[in-house]
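Same order as they appear, the protein sequences are chains A and B. Under full-length UniProt numbering, the residue at position 497 of the first sequence is numbered 497, and the numbers go up by one with no gaps. Under full-length UniProt numbering, the residue at position 157 of the second sequence is numbered 157, and the numbers go up by one with no gaps.
What the hints contain is simulated information worked out from the structure, not anything from laboratory work. Incorrect hints may have been included.
Which copy is meant is left open, because identical chains are indistinguishable; a pair holds if it fits in one copy or across any two.
[Stated by the list, open to error] Derived SDA-like pairs: lysine to any residue, alpha-carbon spacing no greater than 20 Å straight-line:
1. 284 x 261
2. 284 x 296
3. 473 x 22
4. 222 x 273
Because the structure is a prediction, the values reported are computed rather than measured.
Here are the chains, one letter per residue:
2 protein chains.
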Amino acid sequence: MTDPDRHDGKPTSATSQTGPNAPNGADALIGALVEGGVDTCFANPGTTEMHLVAALGRAPGMTTHLCLFEGVATGAADGYARMTGRPAMVLLHLGPGLANGMANLHNAKKAATPLVCVVGEHATHHLAYDAPLAADIEGMARTVSDVVITPDTPDHVARDTADLLGRLTRGDTRVGTVVMPNDVAWSPVSAEITRPDPRPAPAQDAPAIRAAADTLRAAGNKGLLLLGAPRLTRRAAALASAIGAATGCAVRTEAAVARMERGRDTHPLTRVPFHVDLALEALKDVAQAVLVGAREPVAFFAYPDRPSRLLPEGCGVTAIAPPLSDIEAPLAALAEALGAATTAPVTAPDASPGGDGPITPDTLGASVAATLPEGAIVVDESITNGAPMFTACAAAAPHDWLNNRGGSIGYSMPVSVGAATACPDRRVLCVTGDGSAAYTPQALWTMARGRLDVTVVILANRAYRILANEMSKIGAGRPDGTTMPMMELTDPTPDWVKIAEGHGVPGVRVDTAADLTQALARAHATPGPTLIEAVLA
Amino acid sequence: MTDPDRHDGKPTSATSQTGPNAPNGADALIGALVEGGVDTCFANPGTTEMHLVAALGRAPGMTTHLCLFEGVATGAADGYARMTGRPAMVLLHLGPGLANGMANLHNAKKAATPLVCVVGEHATHHLAYDAPLAADIEGMARTVSDVVITPDTPDHVARDTADLLGRLTRGDTRVGTVVMPNDVAWSPVSAEITRPDPRPAPAQDAPAIRAAADTLRAAGNKGLLLLGAPRLTRRAAALASAIGAATGCAVRTEAAVARMERGRDTHPLTRVPFHVDLALEALKDVAQAVLVGAREPVAFFAYPDRPSRLLPEGCGVTAIAPPLSDIEAPLAALAEALGAATTAPVTAPDASPGGDGPITPDTLGASVAATLPEGAIVVDESITNGAPMFTACAAAAPHDWLNNRGGSIGYSMPVSVGAATACPDRRVLCVTGDGSAAYTPQALWTMARGRLDVTVVILANRAYRILANEMSKIGAGRPDGTTMPMMELTDPTPDWVKIAEGHGVPGVRVDTAADLTQALARAHATPGPTLIEAVLA
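With these hints in hand, go ahead and build the complete structure from the sequences.
As structure tokens, then:
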């Protein structure tokens, strides 16, 4: 806005020019998003977003879901986009609202999930006065976004938004933040909208494919094909397995893949372990690594006496697709260059439920695998208890598996909200540690509000168990009487059944493997959300 | 760290050199904080903070309180520091942990609360690998901190921390963030610590005081004395009232004061109203404003057709103490220049409880005032229902009143944790809207864990009522069938009694004024926390 009147406390009147029928900047923003294929918004708005709320209300083809905490909204948008492949919108209130949503924006950015984060800003003429909620929104947004735009007039909103969406769709940019000054939202649009042309997708790099084929052929069983992608499909798993069979190389995925198709109709793929020592052991003989959509594997944290890079020193590294790009085409080209033909996966035996004893990581895996509905979406935040579950589910009904690439906990219940919203005909299974669940319990309310078909399993070990494990590994000594209270969730023990019921979600507590299997089967068969507190042995 | 070995994946071994008895960078940090008077830490640590956790565990004179969400930790540190006048420490896990704590850091910064925020960072040699949790911590921290430091060697940690504490104590800096690389934490200290000398406090500006006295004398009843301070004491209220009586000027406080002493032993002070139209009306006749620790009043949000500045155009403005500084000395000097003598406050009649009907803003005020224990600390996040409560409590037992200067909701339960920790012999009353409470419900768990004497009143109107009020005021039309669902907390209605019990806090629901009065009296008389869900008419 260049109108000098806007800066002396006498803003131009907007109410007389705009109304429900005269498009303003807010309408331009929402209209451009709808036109670009965005149909869903997860919102936690405030006063500065009321014009955007009004525009959302009058936009045909846009559905808005209210969340009680911003971290739920951003995680839900991540889950929605992972399952639809299309960006979802988030609507947040000024800098502090953005701050509350940033941890799950971080996760979305690391997972290369396309997402449009709209943050309301004070009217431009109000910024000089440092009002209570004033903050450096752009500064915050840059830390969790690939691009940040702040439209300066309603006439540029549609063009800038369409351009941003184009970049998201092409994959140049994943998390895009629009900082929307309130006067830009409430002032009328006067100009024509011009749209940028979409740019073409990059072509396949044939010489790189041939070089990778030669490398893997020469390396034999000292070769590694490492996969990473926003979505690792059945076909990609088949192609990778064929390449492994043809060359003798090991095939692995990154430790956390944003979305993987899995189950008994899919070639099983092994992950790089999370635990640094297990990862070093798993990769110690690799002489040549070919990366397809993957980054070179690194330790989750640094530890004294352990390296940051997980591949052995001197290991050769070649990439045939950039990190987190689509990988089917380069894998198909690599398989063709090697003459590797895909085969049907070997049908694994049916999973059997987890017996009748206490709940352990192994019985958890068996219970989950035996009861998993066809087409389920598993959102995994099982942290210290999940490794056997991932393995067991290779023999389960076909499903998608969503992992956290950003490592910020409090991710799985929000992402489950979004996945269930995106796929109303599929069941979502959210498996989360109790420590993680305590960051974003408000997600339960949006599950209840939307009658979302989500089964939440809280793995109640009543501790930040991973910290007790990590403390001595990182050289800080064993937890003792003074430090253990900083990682224990007892005194009081959270009652997750009551927390669920408080948010409108029915809950049940189980402490045997048999009861967990039964509770899972019942929850999956019951419309709407259910929470199961699984008390671990 | 300038050791080149640190950057090639072969970190210097630390475990062989440091142990529980050999001080490392973490010990240097915690030791400098303890020496500087910091005795309390609110923590939500992760792997990169394990050496800091170990150092906290072995530091005599430091107590650590675990919080289940970072926003609880930062709010608690704010409350602790407001009540003790000394900075508290917060311990957070990497960028995403900081992000979750940023909204309440924003509030603390706006309230000028001294606070040391320690954020663990990956080891310096690990940063090049962009591990999952890697983020721009300094970029995030700068948006909510007055100063950010990142020690580069253990030998500088104590010096840099002492310098930071000195700045906090002098008031140059309020929120200070220390980004602590993990290798700096785990490596041994080898050098002597040198401490900076404290700088002297600034002297009083006598000519400015005389000019302000002349201004107020000349303005008569068109004068305004506007107060703001980190702590507005009984004596400051008496001095301000004396100045008002001597000159005929109006005396007001800012809309939100971080901490105010109030009650029947204190001269009552009126606030600048939150609502922009009420504020403009209240200030419309002011010709000369004298600011004492206050900022010039501005609208909380911008609205079409309303100005940002709340004082009339042409109003003279003089400041005799900078925003959020201590104000007793300049007020005493101004009173002396005016020959204004303080008097005893007029004893207000005893508050009578709120009758037997439904709970309204008026009966809420009466119930709270009639039952408020001597020396109580009121943490006010009552939003749309609180104005009569503030007024009624002027006649209540002497108490402190804490307000949110930053406007980011989810503030009051965390701040109550800190206030109750700071003042174990006083009762804390936390009054919060249900929308606000849903941002940081995890605070209840730390209240239960600490047996903190907190009475939490949830004002359950089952809506973001303020948004429904604000929507038409800001020109976005009245809420309708499409937009009202974006601000209603029904379907499902949160059950706050169950949410409290789930976090280990006993709860009760009331829906009449008489029951609320009774529940308040009972809660105040019961050791430990109680939650009262007050269903509003």
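Can you name, in rising order, the numbers of the hints this structure does not satisfy? 1
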